[in-house]
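Asks: Protein chains in written order, with my numbering: chain Y, 1 to 191; chain X, 1 to 181.
It cannot be assumed that every hint is accurate.
No more than 16 Å apart at the CA atoms, straight line, and that leaves these computed lysine to aspartate or glutamate pairs for EDC-like [stated by the list, open to error]:
{"hint": "1", "chain 1": "Y", "residue 1": "Lys99", "chain 2": "Y", "residue 2": "Asp83"}
{"hint": "2", "chain 1": "X", "residue 1": "Lys161", "chain 2": "Y", "residue 2": "Asp160"}
{"hint": "3", "chain 1": "X", "residue 1": "Lys104", "chain 2": "X", "residue 2": "Glu77"}
{"hint": "4", "chain 1": "X", "residue 1": "Lys161", "chain 2": "Y", "residue 2": "Asp83"}
Because the hints were derived from the structure by calculation, they are not lab data.
Owing to the predicted nature of the structure, the values given are computational and were not obtained by experimental measurement.
If you want the building blocks of each chain, they are given just below.
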Amino acid sequence: MAAPRRANNERLWPAGCLGLILGIAISVCGLAALIALAASGGSLPALPAERPPEDLAITVQEAYLQQALAQNLPALPSGLASDIMLDLQAGNRLLFSGKLGSSLPGLALKGDVSGVVHLDARDGKLVISFSDLKVLGFALPAIGNTLANELTAGLNQRIDEQLTAGLGSDARLVGVTTDERQMILQVRWLP
Amino acid sequence: MSDRSIVGLMGVIAGVLLCLVVGLLVLAAGTGARPGFANPGPPVGAVIEAAVTEEYVNRAFMQNVPAGGNAAWSLEEGRVDIQAGNRVQFTARVGSPVGRLIVKGTVSIAVQNEKLALHVAEARLGTLPLTGLLKPFLPALEVQVNDEANRQLSARMAQAKVRLLGVASDETRLRFYLAGQ
Numbered sequence: 001m002a003a004p005r006r007a008n009n010e011r012l013w014p015a016g017c018l019g020l021i022l023g024i025a026i027s028v029c030g031l032a033a034l035i036a037l038a039a040s041g042g043s044l045p046a047l048p049a050e051r052p053p054e055d056l057a058i059t060v061q062e063a064y065l066q067q068a069l070a071q072n073l074p075a076l077p078s079g080l081a082s083d084i085m086l087d088l089q090a091g092n093r094l095l096f097s098g099k100l101g102s103s104l105p106g107l108a109l110k111g112d113v114s115g116v117v118h119l120d121a122r123d124g125k126l127v128i129s130f131s132d133l134k135v136l137g138f139a140l141p142a143i144g145n146t147l148a149n150e151l152t153a154g155l156n157q158r159i160d161e162q163l164t165a166g167l168g169s170d171a172r173l174v175g176v177t178t179d180e181r182q183m184i185l186q187v188r189w190l191p
Numbered sequence: 001m002s003d004r005s006i007v008g009l010m011g012v013i014a015g016v017l018l019c020l021v022v023g024l025l026v027l028a029a030g031t032g033a034r035p036g037f038a039n040p041g042p043p044v045g046a047v048i049e050a051a052v053t054e055e056y057v058n059r060a061f062m063q064n065v066p067a068g069g070n071a072a073w074s075l076e077e078g079r080v081d082i083q084a085g086n087r088v089q090f091t092a093r094v095g096s097p098v099g100r101l102i103v104k105g106t107v108s109i110a111v112q113n114e115k116l117a118l119h120v121a122e123a124r125l126g127t128l129p130l131t132g133l134l135k136p137f138l139p140a141l142e143v144q145v146n147d148e149a150n151r152q153l154s155a156r157m158a159q160a161k162v163r164l165l166g167v168a169s170d171e172t173r174l175r176f177y178l179a180g181q
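Extracted from the complex, chain Y is given alone in its bound form (with noise of 0.2 Å):
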């Protein structure tokens, strides 16, 4: 008796593993096809309407433009000026005064050095040019173009090479605006 019911038992033994197989598979196959549908669901939320003015906005504290200056005073070709201390003003302005100690041919000066820097964005970069210029309290034209030219020359080229360092070649500025406390640097990169 015992030995028909083992029998049957092993008959039935391949017929379990198959149908376990066969859900295993009917499952797999389900579960693919609802996480696909799940997958598949949805869409890609709209980008914003309106494009902002700027790609970056590089807020520059008075405090690291002193510190900036101090670093990059040394590197320019004029060696005119030292102890340049710096204050932001609203509308684009900086001023600046420091100690000059120059010798230009056929004179030497010592003294007090004064002046506005005005901060523009031309095609796409930082410009900077000088006005009021005083020395040792005095206008003068002179002392003061020479000085000029070449803190804007050097400064220029130093502002543009820090830029291009920082945000590539691509990159662009579209504009430039000052408060008592920080400049703000607004740049746009080529699409």
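With the hints as your guide, set chain X onto chain Y.
Replies: The following block gives chain X in isolation, referenced to the frame of chain Y:
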């Protein structure tokens, strides 16, 4: 119904139940805990703030997507949504052998030891949670993403002579806080 059919049917039911249990376990493992997000202000000593717009991040994201070519899996389109609390949500449409799939997720951004620390806080394939499965199945993903992000960032910062102190975000911008070297 013969004995063989009944046993076969029982096998099918057992197989389905087994897959159901395994599927639920995988789903439970994938859910993961939703992390809280902090929104720190500017760190002490920061003298420069660089605020990148969401519009630019989206543009850069799509410009840097490698061309799919004939690859079975390819990123077709993506969106990045910057949110307050140092987090960025991403949604991407991925081409796959089973059709187009939508991958969603949230990445938290922090600064640790003057380096960016990106962490995948949440990931989903459509509506299916995957967060808990990323670590066991893609253990190197976060490390690779962090390494690449820091490699690009540190190259730029070294040239500009600045160092990274912190990061924060609002609804439209990522703000990086920097100081001179």
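Asks: Take the hints in turn and mark each one as holding or not.
Replies: Results of checking the hints against the structure:
In summary, the hint linking Lys99/Y to Asp83/Y is supported, as the alpha carbons are separated by about 6 Å, within the 16 Å threshold. A distance of roughly 14 Å separates the Cα atoms of Lys161/X and Asp160/Y; the hinted pair therefore holds under the 16 Å criterion. About 12 Å separates the Cα atoms of Lys104/X and Glu77/X, which keeps this hinted pair within 16 Å; it holds. About 22 Å separates the Cα atoms of Lys161/X and Asp83/Y, which puts this hinted pair outside 16 Å; it is violated.
Hint compliance for this structure: hint 4 is the single one not met.
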